[in-house]
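Input sequences plus hints: build the corresponding full structure.
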Amino acid sequence: MKIWTSEHVFNHSWETVAQAAWRKYPNPINPAVWGTDVVDRHVDPRDGALITHRIISSQWGLPSWAASILGNPSACYASEVSRVNASTRNFQLDTQNLTFGSHIAVDEKLIYLPHPDDPMNKTLLRQEAVVTVSGVPLTSYMESVLTNTISSNAGKGRAAMEWVIEKVNQGLRSMDDLSHAARKSLEFDAV
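Counted from 1, the sequence shown has number 61 at position 61 by the UniProt record's numbering; the numbering is strictly sequential.
Errors might be hidden in some of the hints.
[To be verified] Pairs of lysine to aspartate or glutamate, EDC-like flavour, derived with a Cα cap of 16 Å:
1) Lys109 / Glu80
2) Lys24 / Glu162
3) Lys24 / Glu80
4) Lys156 / Asp40
5) Lys24 / Glu166
6) Lys122 / Glu7
[Stated by the list, open to error] Between beta-carbon pairs, the in silico distance windows are:
7) Thr132 / Lys167: 32 to 38 Å
8) Ile29 / His53: 38 to 44 Å
9) Asp47 / Tyr141: 38 to 44 Å
10) Pro63 / Val168: 34 to 40 Å
11) Pro63 / Ala105: 16 to 22 Å
12) Ser64 / Asp107: 22 to 28 Å
13) Asp118 / Val168: 18 to 24 Å
14) Trp34 / Glu166: 18 to 24 Å
15) Gln19 / Ser79: 18 to 24 Å
16) Gly61 / Arg89: 31 to 37 Å
Treat the hints as calculated values from the structure; they're not laboratory data. Positions of the beta carbon are idealized from the N, C-alpha and C atoms, including for glycine.
Okay, structure coming up:
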């Protein structure tokens, strides 16, 4: 078993980062993830948190030596359960791989929280992945390869979040421009 952890600070509010996390896939920075399907969504009656279960579809792109041991499916799947509590400003995602589950277990947790030093303008992301490989040769080596891949993909994921945030901000600016144009049009019509 190998454990990988990371922390990252986004220079954006929790609300902005949480919105971007929902819109993260698909994106051009990490094209390996090409689909998300909502299986269930409900509000927890105890605390009002939104709980969503999604299936994530992706392509792992295994090295040929690993594909010869495990196989190389055209699609890989993961189960993601998220819990968003707007009142406490906490967004947690727990993801487990479904593909290769009899040999590889990847349990990943992401938590988005307001940054303790600047809760209105910054968001802290805490990530953890636990990788366990069993029943195949070179287990420790494969765990290291997977952990390194997770680390690399985490960087792509953070870059994708920034890309989504920029797109959301552009959309908001476009909406502001549209609203401004509509107000001007109404003012002109009133004259």
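Going through the hints against the structure:
no.	hint	result
1	Lys109 / Glu80	10 Å, holds
2	Lys24 / Glu162	9 Å, holds
3	Lys24 / Glu80	14 Å, holds
4	Lys156 / Asp40	27 Å, violated
5	Lys24 / Glu166	12 Å, holds
6	Lys122 / Glu7	13 Å, holds
7	Thr132 / Lys167: 32 to 38 Å	36 Å, holds
8	Ile29 / His53: 38 to 44 Å	25 Å, violated
9	Asp47 / Tyr141: 38 to 44 Å	43 Å, holds
10	Pro63 / Val168: 34 to 40 Å	36 Å, holds
11	Pro63 / Ala105: 16 to 22 Å	19 Å, holds
12	Ser64 / Asp107: 22 to 28 Å	26 Å, holds
13	Asp118 / Val168: 18 to 24 Å	20 Å, holds
14	Trp34 / Glu166: 18 to 24 Å	21 Å, holds
15	Gln19 / Ser79: 18 to 24 Å	23 Å, holds
16	Gly61 / Arg89: 31 to 37 Å	35 Å, holds
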